[in-house]
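**Student:** Protein chains in written order, with my numbering: chain A, 1 to 274; chain B, 1 to 137; chain C, 1 to 563; chain D, 1 to 484.
Honestly, I wouldn't trust all of these hints.
Okay, derived cross-link-like pairs now, EDC-like style, lysine to aspartate or glutamate, Cα gap no bigger than 16 Å in a straight line [as the list claims (entries may be wrong)]:
(1) K397(D) x D118(B)
(2) K150(A) x E48(A)
(3) K397(D) x E34(B)
Stretches of chain B that chain D covers, calculated by requiring three or more beta carbons in the stretch to come under 8 Å of a beta carbon on chain D [said to hold, decoys possible]:
(4) 18–31
(5) 48–58
(6) 77–88
(7) 95–101
(8) 118–130
Label-pair ranges, simulated between beta-carbon atoms [said to hold, decoys possible]:
(9) D292(D) x L74(B): 31 to 39 Å
(10) D80(C) x E162(D): 41 to 49 Å
(11) E53(B) x E527(C): 50 to 58 Å
(12) R530(C) x T22(D): 18 to 26 Å
(13) V505(C) x K478(D): 15 to 23 Å
To be clear, the hints were calculated from the coordinates, so they are not data collected in a lab.
Please read all numbers here as calculations on a predicted model, not as lab measurements.
C-beta: ideal position from N, C-alpha, C; glycine also.
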Amino acid sequence: MITLTPKKEFRFPVIAECINPDIFHDKTTKEIEELKIWEGNKQKMLGELFKVEENRTENPQEREAITINGNLNKVRRIGAGMKSGEIIIHGDVGMHLGEEMKGGKITVHGNVGSWAGSMMKSGTIEIHGNVSDYLGAPYRGSIEGMRGGKIVVYGNVGNEAGAYMKNGLIKIYGNAGQFLGLRMRDGTIFVEKDSGGRAGACMKGGKIVVGGFLESVLPTFTIDSIKEKVKIEEGETIAGPFYLFIGDLVENGEGKLYLSKEKNPHLNHYERLL
Amino acid sequence: MEKNQKLRVTLLTGRTIEQGVGKERGKSSKEYLESVSVCYMDPEDLKRLGIKEKTNIMVSTDYGSVVVKALKSLRAPHPSVIFIPYGPWANVIVNPETHGIGMPSFKGIPAEVEPAPDKPVLSLEELLVEQFGKKSK
Amino acid sequence: MELLIRNGFVYDPINGVDGEKMDIAVKDGKIVEKVNERKARKIDAFGMMVMPGGVDIHCHIAGSEVNSGRLLRPEDHFRDFERKTAVTRSGVGYSIPSTFTTGYRYSRMGYTTIMNPSMPPLEAKHTHEELSDTPMVDKASYPLLGDWWFVLEYLKDGKIEECARHVAWIITSTKGYAIKIVNAGGLEAWGFGGNVQSLDDQIPCFCITPREIIRGLCKVNRLLNLPHTIHVHTNNLGKPGNYITALETMKCIEDLATENKPIIHITHCQFSAFKGGDWRTLESGAEEIANYVNAHSHVTLDMGQVIFTDTTTMTADGPFQYTLYELSGNKWVNHDVETETSAGIVPFHYLRKSYVHAIQWSIGLELALLIKDPWKIFLTTDHPNGGPFTSYPRIIAWLMSRKAREATLKKINPRARSRSLLPSINRELSFKEIAIMTRAGQAKALGLKGKGHLGIGADADIAIYNLNPETIDPSKKYRIVRKAFKRAAYTIKNGKIVFKNGEIVKHLDGATMWLDVKVSEPAKISEDMRRRFREYWTVECENYPVTENYLEISQPINVEAKV
Amino acid sequence: MTVVKAVTCPVCGSLCDDIELTVEDGRIVKVKNGCALCESKFLGYNSEHRLLKPLIRKKEELVKVSWKEAVGRAAEILAEANYPILYGWSSTSCEAISLGLELAEEVGGVIDNTSVVCHGPSILSIQEVGIPSCTLGQIRHRADLVVYWGSNPWSAHPRHIERYTAFSEGRFERSAWKGYLNKIKASIVRKKIESAIRRVFFKGKPSAPSNIRNEPPSTLQKEGRKLIIIDVRKTRSAEIADYFIQVEPNKDYELLQAFRALIRDQEIDVDTVAGVPVEYLEEVADLMIRCDFGVLFFGLGLTMSSGKLRNIDAALSLVRDLNMWTKFVIMPMRGHFNVTGANTVFTWQTGYPYAVDFSLGYPQYNPGETSVVDVLLRKESDAALIIASDPVANFPKAAAEHLVKNLLIVIDPHMNATAQLADVVLPSSFVGIEAGGTAYRMDHVPLPLKKVVDPPRGILSDEEILRRILAEVRKIKKRRAEES
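With the rest of the complex left out, here is chain A (with noise of 0.2 Å):
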């Protein structure tokens, strides 16, 4: 197992794509110190910015897991398009953590920055804390959001999570931003309390569920039914009962947006509509 430790409080963006268990694998704690990495406009190596220590274990699994401890809220692009092992964060993480990530698990025990889970396409994300932006959004300009996999976040997260969304789960056990699943085509987004407003603007497929309170739902949703459960992923079904509206009429959409009845009593006007 190695260890890393910044040397130092961080004050500039550090590009860290090198953490990856598929980089480090092999490796030996000298060369891994030496891997490249920049800290604002220089390039240094990985050793300069952090202390590498290394936990000799037989236990293969372990071997190849990466634990982090301190603040590395400005180290951006760890475990970026990682297949394999598993990162564990102590502390807050900045932007990218688990970039187009294909496999393996990235755990962190603090708050992390947007684009988390960006274009992921397998693998597990669990997040003991806030998010910010754009959880598992994809890059700018970009149709190709998450495609796989699991995202779960015990905390907050901001705007536009789960944009684009193609295919795999996220769980939020806290609040949501705005535009929750905008444009999501298939999947699921969970929201164990509130979301901000417009969740699943111009989604098409898929489908949202929010536990707590949802200010008000586009006027380009209708309403459904009512539901009594939701199934979230296999052997998790969640009790209702739900306002199911399906949307968004401006994409043709056939998305399913399940809202909790007795959180949402100012939606109960759409009753007479069933």
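Add chains B, C and D to chain A, keeping to what the hints say.
**Tutor:** Relative to chain A, chains B, C and D alone:
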């Protein structure tokens, strides 16, 4: 009419022709500074605050407070919507959050207005000192 | 500076040199008879191929539509970037590279002259600003004139000479090189969301037909004595059945031809060679077009080859681009330009497994192989419409090797494969023919005297490829051919080595060529013209022309008109 | 006395190029054809706030120094920075912007232009949806339906309506100016009658005018050009419109999406959207479908209010969808005279229109990450060059706070809030008055900027200042490379 000492409003910021004209004269010009340290309000809202036009008011948001001069809006009615032209005064109280898109929130910010007849509208220099302190290296 | 390239196999079709081993001497940026052997810098080209620098007759590399494409597609370039080096600027690539990167990547392939085919006159300054920032190559641009109100009005009234004078004025004012016609009349109709369907449709509000525009401008081109022909993007481009329109377009000016000289260039012909009633029944019209072209000498074409990749389509053909948006559902940019033209942009992914795309791929190659005379058809992708210019080496491989074609044929949509004419074509082009299709023929069609050949006095724009024609069999070793054309051993521009060992070694600004068309009675900026200016455009006539300071290196070419 | 014709006005994105200036003894004394903003600039630019000497901060005070010293200090700051920002660019020439990009690349900095705080969100949405647009002349010739949404041209682009849209004369559409005059006359008469009635019958206060529940007037069905304004408050522009729709603050997105549904004839479950009855919206949607050529101009009212880029996303989608039925185009109302040029030059050199980060030696772009406000809010930069902009006056306090902690270089003709807090101040000439160049109109039409008069003695152009800094930075880097 009941007179509230505090009024909950929505703050908009934006361009005015006066601010535009002033800006071209120079950002230290009197025209510019006078055109941006004001707040346009619905006359009914002024009444609700119990103040006359040209009284100083304090506008507060989650991000700060600033004293500006209240002016009667010529384009009423727009109850509970106030307007401050772009400039150093407005920026004390706008929402810096960009939500990952690079752009702070300059319009539609929840705010509170209260009369502040005894507090002065600061000059640009005073405002800069108040907000940023003296520049020293 | 003197330079001597020794012992290379030289391909210089214009001067009748076909792979002979000889030396090429260079002095002060020109090819010369000989240089001082002791003083000159020497390149040992033994076992390599020496050709004139590549010439591209049609590639969208600069100007408002190209740049809108760049702006539209961060996702196209964020993974393909070029770092700054000691001599080069940084940039981004893939289908619409930034300007510096465009220049470097052309240079890497041994190209030295490129033609930007679509310049809205009102926005010509923009095109020239970008061209000036495109290093390593000489370049020129064609103003879009087929829907310009002045042209429509003069031609409607039969005032050919008056029309010619104004065309001369606008070519010179916009620092342009040739008359570009895109979907004649269709773009004006697109102003209100319409289009034209045939050469004889009336253009709304202007009482004139596409046929009259094409014929009129063809006559104008002759009157003005321009070095290139009219450069035509046909009506109905991209629609099933449009090979008929392409044939009619070529036929409609047949009677104007003299001396067996080309008078029309049909560009990216692949997109105009669709047979069939709809997309489902689409098939190749390449054979019909090739038959016509083989029997006539007034036409040149370029391929507009499709590559299976993600790219960005961009043309001045607004209605066509809208159709493409409807077909693909991809993001869409439209940009109509007052009194002149329009433009559209849609990202597009050509898929091997798509029937239509595979047919398109086949059509481009069929055209190039079925047209017998390589001086009549040139290698292009209509960059970036069929694919980025960086894929030219793959096309060279397909043209030179039946085996290469078969390798791709195996992977394409089976129905398209069964309809493709390619399995029946055995022709494999020689290096000489490739040299014609990628430089000599293009330069000749463009009327560029100093380009596309290595004769005495020619510009010393030279490409050296690491290929030995005596030992390589391109038919079998097409991968090696592809690799060699992808990265020249040396690229020499203006007599200076600019690219070698896989790196740009010198950043060099190329010239912008433009026509200074002299007419006996130039169109004057009269009060009447001023008035029309105010009515037609939203800028003052003083601010309309492109002044020479917009050209990093200005290279005017004098043209004596016959009017 | 000389008269200079066809001058391009360096104020707003309309870039009117028909200005006539009278110059006497090297001073502009008269402005013809310009609006109030234009006149104010040409007549008032050379005010007492003009900077006339380079300044450097020494012991808290800004003191006058030579150009050599000031440029040397600026170059040193940039060459030594680990993450510098170079910001502004929208009020200078494309030629200067081009040099700025070269400088940013050389020093490995983040270069950003003011679109980040105006139409940045519009660009982000264009990158997702595209944009059906055109040049302004196309609108002048053809548009019979003109909509301004969240934009107040009367104040921000005063000649826009008369030069390019509702009140301009085109080949296929005439100006609506006469109709407007008649309407004004009628409204004056109506107001007189109303006030007389009030005086006679009520003697009380006037009843509240009913703008918010403003029904579409029958004149909306008339032939010829129609002007619709949609905004959260009744601006001056709204007063000249054929129809004004007042939208609840922060509800533009809902209204736009509702229009998208209505033009497809889809039923909506609710009766009002954003405070406007759906039946009124249906009428407007109908008008949009039936027009021959429609245009939607949008301003910061859309980009800055809740939803930001998604408001634009919806507007672009609405207009794109309308092209199924008719010709419809859309255009952002760009503010600074060359903000479009800044986007344009940035894009052709780097592939990206703003917020470009060169710290890794190649262009990277991701607004929210590489945009200047975010860099400042995260307190990541250590030096800043500000040109032709005043971020201390324009940025939210939290961003400006970190900016003034940076080593700060300002290039500007005037003393402004940012310059007051700078470490190096480099006085420049006014582009488009004292220096030439190129600017791009909001519709991407490039226009030449003229040098009409000489700058004050010893004042350099933005271009020249940047060229000198760049040369100095290269010298420093070369020296450093030789030392190591």
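**Student:** Now look at each hint and say whether the structure bears it out.
**Tutor:** Right, here's what the structure says about each hint:
Proximity of K397(D) to D118(B) is assessed by CA-CA distance (about 24 Å); at most 16 Å being required, the pair is judged violated. In summary, the hint linking K150(A) to E48(A) is not supported, as the alpha carbons are separated by about 34 Å, beyond the 16 Å threshold. Simply put, K397(D) and E34(B) have alpha-carbon atoms about 20 Å apart, too far for the 16 Å limit, and the pair is violated. Counting residues of the region 18–31 of chain B whose CB lies closer than 8 Å to any CB of chain D gives 9, which reaches the minimum of 3, so the coverage claim holds.
Figure legend: the region 48–58 of chain B, annotated as covered by chain D; annotation inconsistent (0 residues with Cβ-Cβ distances under 8 Å, at least 3 required). Coverage of the region 77–88 of chain B by chain D holds. Counting CB-CB distances below 8 Å, 7 residues qualify, and the rule asks for three or more. Given as covered by chain D, the region 95–101 of chain B passes the check, having 6 residues with a CB less than 8 Å from a CB of that chain where 3 are the minimum. Given a C-beta distance limit of less than 8 Å, the hint that chain D covers the region 118–130 of chain B holds, as 3 residues qualify and 3 suffice.
Take D292(D) and L74(B): their Cβ atoms lie about 35 Å apart, and the range 31 to 39 Å holds. A hinted range of 41 to 49 Å holds for the C-beta pair D80(C) and E162(D), which are about 46 Å apart. Distance hint check: the CB atoms of E53(B) and E527(C) are about 53 Å apart, consistent with the given range 50 to 58 Å. Checking the proposed 18 to 26 Å range against R530(C) and T22(D) shows it holds: the Cβ atoms sit about 20 Å from each other.
Between V505(C) and K478(D) the CB atoms are about 19 Å apart, so this pair conforms to the stated range of 15 to 23 Å.
Of the numbered hints listed earlier, those contradicted by the structure are 1, 2, 3 and 5.
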